[in-house]
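Asker: Fit chains B and C to the known structure of chain A by using the hints.
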Amino acid sequence: MKFQREAVPEWPHQVKALPGCERIFSCIQCGTCSGTCPLSIYMDFTPRRIMSLLREGFRNEALSSETIWLCASCYACTAHCPQDIHITDVMYSLKREAIKNNLYPKRFPIPVLAREFYAIVKSRGRNWETLLVLRMALRSNPFILLGMVKSGWHLLRTGRLGFSGEKIRNPKELQREITIPKEAV
Amino acid sequence: MSTTKPTQKSYLYFPGCSLRATGKAYEESMLELFQRLEVPLEELDDWNCCGATSYMAIDEDSAFMLSARNLSLAHQAGGGRDLLAPCAACYLVLRKTQDYAQKYPSIGREVADSLKTAHLPAMNSVKVRHPLEMLYNDVGVEKLRGKVARHWHGGHIACYYGCQTVRPYSEVDKAYNPTRMDELLRAVGIPTVDYSLKTKCCGGSLTGTIHDVGIRLNYVLLKEAVRKGAQAIVTICPLCQFNLDTYQSEISKQTKEHFDIPVFYLTQLLGWAVGGDVDKLGLQRGVSGRKAIKDWMMSHEGVESYV
Amino acid sequence: MSNSNGTVRIGVYICHCGSNIGAVVNCPAVAEYAAGLPHVAVSRDYKYMCSDPGQELIIQDIREHKLDRVVVASCSPLLHEHTFREALAHAGLNSFFLQMVNIREHDSWVHSDHAAATAKAQDLVRAAVRRVVLHKPLERRQVDIDASVLVVGGGIAGIHAALTLANAGKKVYLVEREPSIGGHMAKFDKTFPTMDCAACILTPKMTQVRSHKNITLWTLSEVSQVSGYVGNYEVKVKRWPRYILEDACIGCQECIEACVFKQGKTEDEFNEKLSKRKPIYIPFPQAVPQMVLIDPDNCIQFKSGRCKKTCVEACGERKAIRFDQQEAIETIKVGAIILATGFKTFDAKRIPDYGYGVYPNVYTSLEVERLVNASGPTAGEIVLRDGSTPKAVGIIHCVGSRDERTNRHCSRVCCMYSLKLAHLIKEHTGAEVFNFYIDMRTPGKGFEEFYQQLLNEGVHMVRGRVAEVADWALDPSEEGKLVLRVEDTLAGFARRIPVDMVVLSVGLEPQEDADEVRRLFNISCSPGGFFLERHPKLAPVSTFTDGIFLAGCCQGPKDIPDTVAQAGAAAAEALALIDAGHVEMEPNTAHVIEEECSGCKTCLPMCPYSAITFKEEEHHAWINEVLCKGCGTCVAACPSGSIVQNLFEDEEIYEEIKGVLNYA
Chain A
278 MKFQREAVPE WPHQVKALPG CERIFSCIQC GTCSGTCPLS IYMDFTPRRI MSLLREGFRN
338 EALSSETIWL CASCYACTAH CPQDIHITDV MYSLKREAIK NNLYPKRFPI PVLAREFYAI
398 VKSRGRNWET LLVLRMALRS NPFILLGMVK SGWHLLRTGR LGFSGEKIRN PKELQREITI
458 PKEAV
Chain B
4 MSTTKPTQKS YLYFPGCSLR ATGKAYEESM LELFQRLEVP LEELDDWNCC GATSYMAIDE
64 DSAFMLSARN LSLAHQAGGG RDLLAPCAAC YLVLRKTQDY AQKYPSIGRE VADSLKTAHL
124 PAMNSVKVRH PLEMLYNDVG VEKLRGKVAR HWHGGHIACY YGCQTVRPYS EVDKAYNPTR
184 MDELLRAVGI PTVDYSLKTK CCGGSLTGTI HDVGIRLNYV LLKEAVRKGA QAIVTICPLC
244 QFNLDTYQSE ISKQTKEHFD IPVFYLTQLL GWAVGGDVDK LGLQRGVSGR KAIKDWMMSH
304 EGVESYV
Chain C
11 MSNSNGTVRI GVYICHCGSN IGAVVNCPAV AEYAAGLPHV AVSRDYKYMC SDPGQELIIQ
71 DIREHKLDRV VVASCSPLLH EHTFREALAH AGLNSFFLQM VNIREHDSWV HSDHAAATAK
131 AQDLVRAAVR RVVLHKPLER RQVDIDASVL VVGGGIAGIH AALTLANAGK KVYLVEREPS
191 IGGHMAKFDK TFPTMDCAAC ILTPKMTQVR SHKNITLWTL SEVSQVSGYV GNYEVKVKRW
251 PRYILEDACI GCQECIEACV FKQGKTEDEF NEKLSKRKPI YIPFPQAVPQ MVLIDPDNCI
311 QFKSGRCKKT CVEACGERKA IRFDQQEAIE TIKVGAIILA TGFKTFDAKR IPDYGYGVYP
371 NVYTSLEVER LVNASGPTAG EIVLRDGSTP KAVGIIHCVG SRDERTNRHC SRVCCMYSLK
431 LAHLIKEHTG AEVFNFYIDM RTPGKGFEEF YQQLLNEGVH MVRGRVAEVA DWALDPSEEG
491 KLVLRVEDTL AGFARRIPVD MVVLSVGLEP QEDADEVRRL FNISCSPGGF FLERHPKLAP
551 VSTFTDGIFL AGCCQGPKDI PDTVAQAGAA AAEALALIDA GHVEMEPNTA HVIEEECSGC
611 KTCLPMCPYS AITFKEEEHH AWINEVLCKG CGTCVAACPS GSIVQNLFED EEIYEEIKGV
671 LNYA
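Residue numbers (this note's numbering), protein chains in the order written: chain A, 278 to 462; chain B, 4 to 310; chain C, 11 to 674.
What the hints contain is simulated information worked out from the structure, not anything from laboratory work. Even for Gly, the Cβ is constructed at its ideal location relative to N, Cα and C. Among these hints, one or two may not hold up.
[Stated by the list, open to error] With beta-carbon atoms standing in for the labels, derived distance ranges:
1. B:K256 <-> C:G490: 23 to 31 Å
2. A:F385 <-> C:L465: 37 to 45 Å
3. A:K293 <-> C:I339: 53 to 61 Å
[Claimed, not checked] Calculated pairs, DSS-like style, for lysine-lysine (alpha carbon to alpha carbon, straight line, at most 27 Å):
4. B:K294 <-> A:K427
5. A:K399 <-> B:K130
6. B:K99 <-> A:K449
7. A:K444 <-> B:K119
8. B:K106 <-> A:K377
9. B:K259 <-> A:K427
10. A:K427 <-> B:K106
11. A:K399 <-> B:K27
Chain A on its own, in the form it takes in the complex (with noise of 0.2 Å):
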């Protein structure tokens, strides 16, 4: 049972005036986004359930799901959905929340991915693969690398192993440019 105080009436006006949410609450709960998503049968909202958490204020539910860190960004739900819902910029509006607020399951690869690459690039200007897949695994699920021994031998064999990544020339620069203070939104 959910108790109406358990929800956050503020909350989905909030979202609704972030880039890209503007239409939210024309929802129709149609489920177009969730036919189409080759994830939502592995979720546990799926992406039309979640606009529903979203518009009731179930703040807590829906950005404690794995749901929007299983969304691949392939922006079929954008295309497919009659009411012109961006719904991929509403999962990435729920994925920085969720990361701003700690509230991400804490060894779950998929935002210990998103950190450790936005550490790698904030450091070197540029990604360097096997840098980040070493990191992602140590910190979330170590036994995740014993899975990719076979495919880290295939990368090694045909040369796509990357023993160095590059950098740009200034980071600091590129540090600086990212890190300014921002104004109050």
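Answerer: This is chains B and C only, laid out in the frame that chain A set:
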């Protein structure tokens, strides 16, 4: 488009982090193809990572700022040249930054401010292109047909477009039932099949994070391609190529169905067809279908079979 | 104009309108203020001026105080200007000595500062008082009405409207573009919710139309020009050649049998292109008029001139076939026009993920209607393209409706007709039927009961909009089928459902040429493209152009009962107009002061109602005051100021401005 245009128009080239590592074959084949087509290409100097999907998941503003730097550098590089981004994720992120900076004034302002802080000129409207669309529009089907130097006697190909190249922006090709890759390949004599899963997501990075889910998605794609009569798949995204290519033996073991088909980059096939150097197309970098690749493209017959 | 001693006596009335005005504007204060204005003999405030006692106040005062001008400060003139004008007439004063002041929509409803609102009301009343002094007595012009009606469109709406009017003794012209009347309804098999046979209930009405002495039926005809004004429309109708003499053809159809084409080679439009017809054909067996026609684009005689003409031979003595028939233009005069031009179905190709046009066994609902119909291309058998019977059928609701990318509106009839098709398909084939819907909309009489019947017949009702129709098979049971991927939102999981046949419930859209048609008749369209009604609640069958009425789906999607009701309503309104015998025109028209007109012709192209013509010999412009709607454009445009508009003369307007600005 009845006459072919001279392609002395030169382009700026944005490799993206993947093309330097997992997607090496894409870069190699693209450079070789463009050399054959006499298209001048210059790599964007000091480019930075586009951020792909991960940056958007952490901090939207940083994500836009990464692209803003690249677009500003592209504008600085001069010549009013278009920026070619072969990787689907890079293409999408760069396009989205341009679009959102224009549509949402708050984003536009932040991007402008961040560039100023980094002492970079404003991000102007550099056209972001993708090789598929650039080959179709600027080079053209007819010109490619005229440049064919080798006769294909390999298998039928299923053209896999993936998701981020055709959604949500459809300048590269239509979002539903895109056909440009099919047209280009058929023009150089390579037969394609009807493939209704051509825009269904391969899972992206899910094969690395939630492995079972990731490979299941790729199993569905491989199975349908084979069912429709394809003996190989062609892609335009480094992650799609990696996903479809790398796990075929694992999928075969799990499902007891046999998969061992080559997964090409479009530029490899086109590069081969117009007579590119077989050693420079990254053909040896594939994991699955290596025998087929050898027979079709690297055998004496394959290499020497002129039109 | 003024009373015997040269002064004017004005009565000012401030209405409280309950609390609408009174809660914000201090009405007694305004009345008191008005009492002190020049020429004001009486000044009152009252709760409800529009009520009988309120009007009585005015009438009494006019008589007792010998008023010759009246100012009423109340709501918008749109509501009660007519009421108060009648009150003046009742009291023996010319109606146009009234000036209304809007202190509700323009004042109390839009301001919250009471003091400022009251001051504004006083300013407005002062302005009106200054203006009304200059009002002149005007008379409403009366124009005769032609007692005949034109009905455009011969579907069920047009047929019903035409019969109603004809039965009332009026002359009706029924113009229909297709070779037969009947519209979309003639294509249906059964109608919901009663499963009445569509043809059985429609054809008696069609025959009535044909034989009614008051109806002139013109098929293969289109309106090409409309001019005139309410009560006096002149309409040109273009009649395409049928290449058949209408008086001679008896509809025996032996010519079709005899045609050199042994089989039809042209796509049959009536059967939604599911079958082929010959170049000489009859649209459907119960066509009215019961006559054949020749399609010149496909007839050999027209294309090469060298046909054996076996059709003429078969026609024999009657000699009904005339290859030399030309198109003709008929000109008619009518008093009112009813538009009943119907709808078109959504083109399912616009939603590529449903595979229409790609997979052969994806049909639109209208195509399936023809399949189900016993006189259709498959004699009532519901079969796939290869002739086999489907074992599983999926019906997708809302195709091209409730969709930002195609049509925002709900097409109102699709849920019901989808249920109907589900019932018929199950009855004809015994297949497993799935209906995929977003919301089940069954509001009419007997509709919900029909839904219950369907539920009990075992039709699968899956609440979820189908994401895609594709032919990729994940396991052997899906081979060779069309697989629908959908989230069953009620059961709570995604499903893959393989079917043999997919039916797309396409929505209703305005006709392709709705925009051209509306310009022809000088009416407007609503945002979705359907014709615009005068008021969505209170005037759904009339338009902003007097004398032109709407009936049926051309005004918006609706089912047959609503269409017939609306057609009857339109006929009634047309009847009311005509039976009045004459129509009164508002006198706020413009006229040219001939001596002052320089003949520059600036005004001519400005008039949106084409009311201005140029008199060559006298060298001045002339305004047809019956066509003039008083928009004021020519008045403002005239460089020499020689056009004057009644009720809005320059002096009147200047006085009002001075009044507002408190000039001396």
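Asker: Mind checking the hinted window 37 to 45 Å against the Cβ distance between F385 (chain A) and L465 (chain C)?
Answerer: 43 Å, holds
Asker: Given the hinted pair K106 (chain B) and K377 (chain A), is their alpha-carbon gap at most 27 Å?
Answerer: Holds: K106 (chain B) and K377 (chain A) sit about 25 Å apart, inside 27 Å.
Asker: Does the Cβ-Cβ separation between K256 (chain B) and G490 (chain C) fall within 23 to 31 Å?
Answerer: Holds, since K256 (chain B) and G490 (chain C) (Cβ atoms, about 29 Å apart) stay within the stated range.
Asker: Is the Cα-Cα distance between K294 (chain B) and K427 (chain A) 27 Å or less?
Answerer: Holds, because 19 Å separates the two Cα atoms, which is no more than 27 Å.
Asker: Would you check the hint for K259 (chain B) and K427 (chain A), treating anything up to 27 Å between C-alpha atoms as holding?
Answerer: Answer holds: K259 (chain B) to K427 (chain A) is near 19 Å, not above 27 Å.
Asker: Taking 27 Å as the top limit, are the C-alpha atoms of K444 (chain A) and K119 (chain B) close enough?
Answerer: 22 Å, holds
Asker: Could you check the hint for me, namely that K293 (chain A) and I339 (chain C) are 53 to 61 Å apart, CB to CB?
Answerer: 58 Å, holds
Asker: If you draw a straight line from the CA of K427 (chain A) to the CA of K106 (chain B), is it 27 Å or shorter?
Answerer: 45 Å, violated
Asker: For K399 (chain A) and K130 (chain B), compute the direct alpha-carbon distance and say whether it is at most 27 Å.
Answerer: Holds. K399 (chain A) to K130 (chain B) sits at ~26 Å (cutoff 27 Å).
Asker: Is K99 (chain B) close enough to K449 (chain A), meaning Cα to Cα at most 27 Å?
Answerer: 25 Å, holds
Asker: For the pair we were handed, K399 (chain A) and K27 (chain B), check the Cα-Cα distance against 27 Å.
Answerer: 23 Å, holds
Going through the hint list in order, the structure does not satisfy hint 10, though it satisfies all others.
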